[in-house]
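Going line by line, the protein sequences match chains Z and P. With the first letter of the first sequence counted as 1, position 117 gets the number 117 in the numbering used here; the numbers rise by one all the way through. Residues are numbered in the numbering used here as their position in the second sequence, beginning at 1, plus a constant of 1000.
If you are wondering where the hints come from, they were derived from the structure by calculation, not from laboratory data. A couple of the hints might just be wrong.
Stated by the list, open to error - Which chain P residues face chain Z? A few, computed with CB under 10 Å, are given here:
(1) 1008
(2) 1026
(3) 1028
(4) 1032
(5) 1060
(6) 1061
(7) 1069
(8) 1071
(9) 1089
(10) 1112
(11) 1152
(12) 1153
To be verified - Quick list of simulated restraints, FRET-style, between CB atoms:
(13) Z/222 / P/1200: 48 to 58 Å
(14) Z/227 / P/1175: 37 to 47 Å
(15) P/1060 / Z/4: 55 to 65 Å
(16) Z/251 / P/1070: 27 to 37 Å
(17) P/1070 / Z/233: 34 to 44 Å
(18) Z/407 / P/1024: 50 to 60 Å
(19) P/1024 / Z/279: 45 to 55 Å
(20) Z/222 / P/1011: 18 to 28 Å
(21) Z/97 / P/1060: 30 to 40 Å
(22) P/1198 / Z/398: 32 to 42 Å
(23) Z/407 / P/1070: 21 to 31 Å
(24) Z/340 / P/1193: 35 to 45 Å
(25) P/1070 / Z/398: 50 to 60 Å
(26) P/1027 / Z/262: 32 to 42 Å
Positions of the beta carbon are idealized from the N, C-alpha and C atoms, including for glycine.
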Amino acid sequence: MRPRSAWQAITLRPLRFLASSWPWRSLLYLLCGIALGAATAATLFALFVGGVLLLFVLIGLVAFVAIALSGIVFARFERWRLRLVDMDPAEDPHRRPPRRGLRPWLLTRLREQATWREFGYTVVSLVALCWIDAGMVAAVLGIPVALAATPLYGPDMDPLAGAVFVVVGLALLPFAAYPITAWAGARAALTRAVLSPRDTELGAQLTEVTRSRARLADAFGAERQRIERDLHDGAQQRLVSLTMALGLARLDLPPDSPAAEQVALAHEQAKLALAELRELIRGVHPQVLTDRGLAAAVRDLAGRSVVPVDVDIELPHRLPAAVELTAYFVAAEALANVAKHSGADRARVRGRLHGDIYLQDVFDNGVGGADADAGTGLTGLGDRVDAAGGRLLISSPPGGPTLVRAELPC
Amino acid sequence: MLRIVLAEDAVLLRAGLVGVLERFGHQVCAAVGDVPALRAAVAAHRPDIVVTDVRMPPGFSDEGLREAVALRAADPSLSILVLSQYVEQTYAVELLDAASAPGAGVGYLLKDRVGDVEDFVRAVAAVADGGTVIDPEVVRQLLGRRRDPLTRLTPREREVLALMAEGRSNAAIARDLVVSDAAVAKHIGSILTKLDLPPAEDTHRRVLAVLAYLRG
């Protein structure tokens, strides 16, 4: 695997590491850090002096505000040059101001925690980090270079001794790559830790997305329940009334009349439609799930299964409706797959609550080889579980057995 | 003639059911649309049988079933037939658990069955007479529930067992399968032995024993 950061590169085999660009990138990172530090220090010093001198006309205050906000510019440079030693980009932690213009921008930035974190980092950089950079480069490169350059300083030196110094100095040089890369890596990690967005800063968006997905899933469940109720109160009752009316009509017609035959046909069709509608309604939203909970609903599923299914679901209390619905559909789809594809002669559903995670395993002793990517059913299940904030795990080696596990937070 | 209290919240269906029951000479003392009215009607009319929908206002959940169970608990001599749109055995098993003491009849039928008018009225009469009537669809699920010992039965015996669980008498089973009464009796004896159930001459007791066995 190609390394993506200086620290990963250190773990390469020595020759590969030394031949790679990483030691050079690390050296460049430290050198430009020193340059950036020097430039920033000079700028800040100028701003400070200017601010103090102009304080009496109040323009000086602008300079102090600029100093406070200097971290933003400094941090942007830091994140930019971070790419030298770390290929994963560091995100900007700042929020977008609500409106365009200088005032909203200033107000947003001054109120942000990230701004002050960056300012703190700037101060620490100027006071300590840049000096360590410089000291590190000077010591690690300085010693071998000084050794190698010894003959230049002492022209009257014994040529043999001079040659030894040069050889030792040059031999030490490759070893310098290690401390330089290591310090560059450490500095990059520190930079990333301080200057990347915190979870709470990213989190605002992430939580929002998660919540809206959960809302969608909830709305989806509620909508199914409404459809179920509408079908039950409307179409189903009318169809029952219709079959009853046709049943009565059959009684009144002479059994061998042509009309009786037609009515009998209509009666049978109406009964079939009723049976199909009943299955459809149950598929939309199983009422027993609402009335009696997950264990009862899954037991009823198992009762309808062609393959014998043992149900072992023990729960201390009812689960949230959305979790019950998701778990039910996972069990239904998994058992349907068992019947359709697995060739199993035995299946088991086990459900337990662990803390606030509901864990449900559907296990069968069939041929295995279920592929989450190939079967749209399994993919759909994964999406459903995902929307509920959970995980769907499938183990199905060729030859079986198959285990479909759902982990759902309650 | 039976005196019947009917509870069904869908107006169209309620009117239809009243029409069917009265056509066959029964008296519908009260036809109501919610649980409090059902309770009041049963107290006022002391009917031979209560026919109720599972799902009723105000919650449109299983109020009808719960009320049926409560009525039966209050008066063990009251026969109850629950009409349902759910095949799910859960509801049927709950009803059977609550009403398994011999005496009054109990029934659980899918609403689809009211379309077969004569069969439906016959079922009402059987339940009012103290019998047990369970919908064939539900029985099929119950049979799926206890698998291991049932695999020891022959296919014919399983057929007979299913009909027994629906609440049929020996004669009715013989008619359905087009065999002699003696053949049915032989099958039943064999089933009871294989499932380790006590032999019983009384159809009703036998049905209850079979259902108790199936629901484990």
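A quick look at each hint next to the structure:
1. Proximity of residue 1008 of chain P to chain Z holds as hinted, the smallest CB-CB distance being about 9 Å (cut-off 10 Å).
2. The interface hint given for residue 1026 of chain P is violated, since its Cβ lies 15 Å from the closest Cβ of chain Z, which is over the 10 Å cut-off.
3. Checking residue 1028 of chain P against chain Z: minimum C-beta separation of about 15 Å lies over 10 Å; hint violated.
4. Taken as an interface hint, residue 1032 of chain P does not check out: its beta carbon lies about 16 Å from the nearest beta carbon of chain Z, beyond 10 Å.
5. Annotation: residue 1060 of chain P was flagged as interfacial toward chain Z, and the flag holds, the nearest CB pair being 7 Å apart, inside 10 Å.
6. The interface hint given for residue 1061 of chain P holds, since its Cβ lies 5 Å from the closest Cβ of chain Z, which is under the 10 Å cut-off.
7. A hinted interface residue such as residue 1069 of chain P counts as satisfied when its beta carbon comes closer than 10 Å to some beta carbon of chain Z; here the least separation is about 13 Å, so the hint is violated.
8. For residue 1071 of chain P, the shortest C-beta to C-beta distance to chain Z is roughly 19 Å, which exceeds 10 Å, and the interface hint is violated.
9. Interface hint at residue 1089 of chain P: satisfied, since its Cβ lies 5 Å from the closest Cβ of chain Z, which is below the 10 Å cut-off.
10. Against a cut-off of 10 Å between C-beta atoms, the interface hint on residue 1112 of chain P holds, since the closest Cβ of chain Z lies about 5 Å away.
11. Here the hint on residue 1152 of chain P is broken, as its CB sits about 14 Å from the closest CB of chain Z, past 10 Å.
12. Look at residue 1153 of chain P: its Cβ only gets to about 15 Å from chain Z, farther than 10 Å, so that hint breaks.
13. Separation of residue 222 of chain Z from residue 1200 of chain P is about 49 Å and conforms to the stated range, judged on CB atoms against 48 to 58 Å.
14. For the pair residue 227 of chain Z and residue 1175 of chain P, the supplied restraint of 37 to 47 Å holds, since their beta-carbon distance comes to about 42 Å.
15. Checked against the given bound of 55 to 65 Å, the beta carbons of residue 1060 of chain P and residue 4 of chain Z, roughly 59 Å apart, stay inside it.
16. About 35 Å separates the C-beta atoms of residue 251 of chain Z and residue 1070 of chain P, a value consistent with the hinted range of 27 to 37 Å.
17. For the pair residue 1070 of chain P and residue 233 of chain Z, the beta carbons lie near 24 Å from each other, so the given range of 34 to 44 Å is not met.
18. The hinted window of 50 to 60 Å between residue 407 of chain Z and residue 1024 of chain P holds, with their beta carbons roughly 56 Å apart.
19. For the pair residue 1024 of chain P and residue 279 of chain Z, the supplied restraint of 45 to 55 Å is violated, since their beta-carbon distance comes to about 31 Å.
20. A hinted range of 18 to 28 Å holds for the C-beta pair residue 222 of chain Z and residue 1011 of chain P, which are about 27 Å apart.
21. Between residue 97 of chain Z and residue 1060 of chain P the CB atoms are about 51 Å apart, so this pair departs from the stated range of 30 to 40 Å.
22. Between residue 1198 of chain P and residue 398 of chain Z the C-beta distance comes to about 50 Å, which lies outside the given range of 32 to 42 Å.
23. Between residue 407 of chain Z and residue 1070 of chain P the Cβ separation comes to about 39 Å, which falls outside the hinted range of 21 to 31 Å.
24. The beta-carbon spacing between residue 340 of chain Z and residue 1193 of chain P, approximately 37 Å, falls within the hinted interval of 35 to 45 Å.
25. For residue 1070 of chain P and residue 398 of chain Z, the Cβ-Cβ distance of about 55 Å falls inside the hinted range of 50 to 60 Å, so the restraint holds.
26. The supplied range of 32 to 42 Å is met by residue 1027 of chain P and residue 262 of chain Z, whose beta-carbon atoms lie about 33 Å from each other.
When each numbered hint is compared with the structure, violations occur for hints 2, 3, 4, 7, 8, 11, 12, 17, 19, 21, 22, 23.
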